[in-house]
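Participant: Here the protein sequences come in this chain order: B and H.
Position one of the first sequence corresponds to residue 5 (the numbering used here), numbered consecutively onward.
Position one of the second sequence corresponds to residue 47 (the numbering used here), numbered consecutively onward.
Hints listed in this document are in silico derivations from the structure and should not be mistaken for laboratory results.
Keep in mind that a hint or two might mislead.
[Unchecked claim] Calculated pairs, DSSO-like style, for lysine-lysine (alpha carbon to alpha carbon, straight line, at most 30 Å):
1) Lys99(B) x Lys270(H)
2) Lys286(H) x Lys101(B)
3) Lys101(B) x Lys100(H)
4) Lys100(H) x Lys99(B)
5) Lys71(B) x Lys270(H)
It should be emphasised that the depicted structure is a prediction, and the values quoted were computed from it without experimental measurement.
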Amino acid sequence: MELQSKYRTLRDVPQLDYLSPGGSLCAGCGGLLAVRLFHKVLGKNVVWVNAAGCMTIMVNYPLVPLKSNWLYTAFASAPAGAQGIRDALDILIKKGKIPESEDLKVVVVTGDGAAYDIGLQSTSGAIYRNLDFYYLCYDNQAYGNTGFQVSSATPVGSSTATTPATPSQPAGNIQKRKDLFEIWRAHNPPYIATLSSSYAVDFLKKVEKGSGFRGPKLYISLAGCPTGWGYDPRETIREEKLAVDTGIWPLKEAVEGKVRHTVVPRALRPVEEYLATQARYQHLFTPTKRIDVIRQIQNDVNSYWEGVADREGFDIKLVET
Amino acid sequence: MTSTRSMLMTGNLAAAWGARLGRADYIPAYPITPQTEIIETIAKWVRTGEIDAKLVQMESEHSMLTAAGAASLAGARVFTATSSQGLLYALEMLYNIAGWRAPMVLVNVARALAAPITLEPDHNDILAARDSGFLQFHAETCQEVLDLILLAYRVAEDSSVLLPAIVNLDGFYLSFTREKVDLPSEEDAAAFLPDYKPVNPFSASNPVSKGATVLNGALYSYFKYHMHASSLRARDVFEKASAEFERMFGRSYSPVETFMADDAEIVLVISNSFSTIGKQAVKRLRNRGIQAGLIKLRMLRPFPSSLVARYLSGRRGVAVFDQNISLGFGGIIYSEVLTSLYHRRNRPQLILPVIGGLGGKQITIEEMERIFEATKNELGSESPEPLFLMRSEELERTMNLVKTAKEVHS
Ligand code: SF4
């Protein structure tokens, strides 16, 4: 039986914040919002282990907005940093050198560049060793910190600074995203989930639920990125919600490997509604509408949900293409 | 001075004993030749309960060093070891760990760098790390390996230093050579090296940020200046710790060791295991009435410039033996010795650059003697010819190998 969650409505979002206001990230950053929400569930006894990315700039000496611990490691090896801290705390507690009250939750926080690309080796190593840690990836689907270049999380059809739409490559990026959720699942960790701050209750519940497991816990949070995606900063929540409602960003979890979708739109909205609002997809609409690319994106979404509906036994209304 | 027991041990085993007597809490590991024996030994001790520590095999040296530094910041005493390509693969993290001010000890078993790939030693690996902020101590003997590890912890953890340290020993020449090593008792080692008291570790009651961003050059310079000043202080801290070490164990370690150098006219500057061959040559030359001497660099970072200058000023000729090559320039230590002497009033007439022993190429006592002769011959010359040590029969043998291979494969 499922444990009763503390989080049932938006009113249950904890007021207490572990991040001071202000800071040097872009206005409307969805990544920062994810970090903020995540922290609310974990409480104050946390050490964040960070790899190079947008959040790195959050802790900007001497202006440190965090009320918890922070370590910037390097682009490739934040999970290894988490390993060192977890192991050290375990040994020191075991030897009685520090009291258990000084124990910390160890949380890796990285962007998609580290999570999907350069840090995959150290991530795989940490999961393999069954490290007891949280991994929060704020996925803005490109290298945002360096000016929005393609990453292996960039979706088909998105233009980036290194995959611009041109007459010879009218779709922008043509590579399919790596499926980080499945890459992790193949390593058999106890808990994996996708998140979007736009579904905050689902978000909080999953962090709470994952906390009940020892071992590696992955959270991939969609991170609306006004600067890279090209929309007004106040629209972040709306963009992230559209991503869920069009079926582009499925909200799901895998407990001990068993996948379940936690938010199932009864009827998907057309992906076009989402794509049309962002500058990174503008080449799909002007000067001529690239129906072929939009249809490909829609077909991918449809076939994903068809499969899920079959496996999990629910009905879903797909978009006609 | 207390009683100790002696054992025959390899340099690698001595390094493992350094971790054991230093009571390391945590050893992240990744295998690489010729370092593996160190970690295998410790792994066995962890399993038999002879050490109360955790050893975890990581998936790369880069991760290994990340875990090492992070664990040190959480308050554990950390030991690990690597070599060659592994050190280079982890190089990014060396800079980070030094910047985190995480006082851990890393043993490097020197091995030349690819390509061509080889297992045998020279010092290009360890010298690639010289600007990282890690303190560097270089061992000549297995005894030194053990003792320098204990000293390295003392210096690294000193609150006026707080920088990580590397202890370097030569692959094969030392890693697999058995020598008699005096083993301090656990009690004495603990008296010399008390438990690690971390400064502001990660904690629930007093959260800290480490490795934070700085978004301007003045702040960055401020941090780097402090690291530099701390590194320079490490020399005094080392000398004090070493004096205490001598009182307890009867062995003394100066940052620079002198050998028959008091009245020497020609002095060889050298480091690591080839120093032993150099010393033999000096003895032979002395027997022939030649005033030869040697100084051995035991501390490479901070560079003991003033000691080097003190020992070398007033000599007629100095030869600097570099077991490394900065391609397109020459020997790395050569330039550091030159720099240390430039402003001295009676700097030596001649400082001869010598490069030898690359990739573990053997050096004979005769070759060492040849260095002294060459130095004498070059006295008075304005631009001395750098000496690349290779014997003619070695060159011949190399050419023959190439020729034979051509014949076999044609
Ligand atoms: S670039 Fe995007 S992800 Fe990065 S801080 Fe700005 S809004 Fe956030």
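Participant: Look at each hint and say if it fits the structure.
Facilitator: For each hint, the structure was consulted:
Proximity of lysine 99(B) to lysine 270(H) is assessed by CA-CA distance (about 35 Å); at most 30 Å being required, the pair is judged violated. Only pairs whose Cα atoms come within 30 Å are accepted, and lysine 286(H) paired with lysine 101(B) is accepted, the gap being roughly 28 Å. A hinted pair counts as satisfied when its Cα atoms are at most 30 Å apart, and lysine 101(B) with lysine 100(H) qualifies at roughly 15 Å. Of the supplied pair hints, the one linking lysine 100(H) and lysine 99(B) holds, its CA atoms being roughly 11 Å apart against a limit of 30 Å.
Between the alpha carbons of lysine 71(B) and lysine 270(H) the distance comes to roughly 26 Å, so the proposed pair stays at or under 30 Å and holds.
Violated hint for the displayed structure: number 1, the only one.
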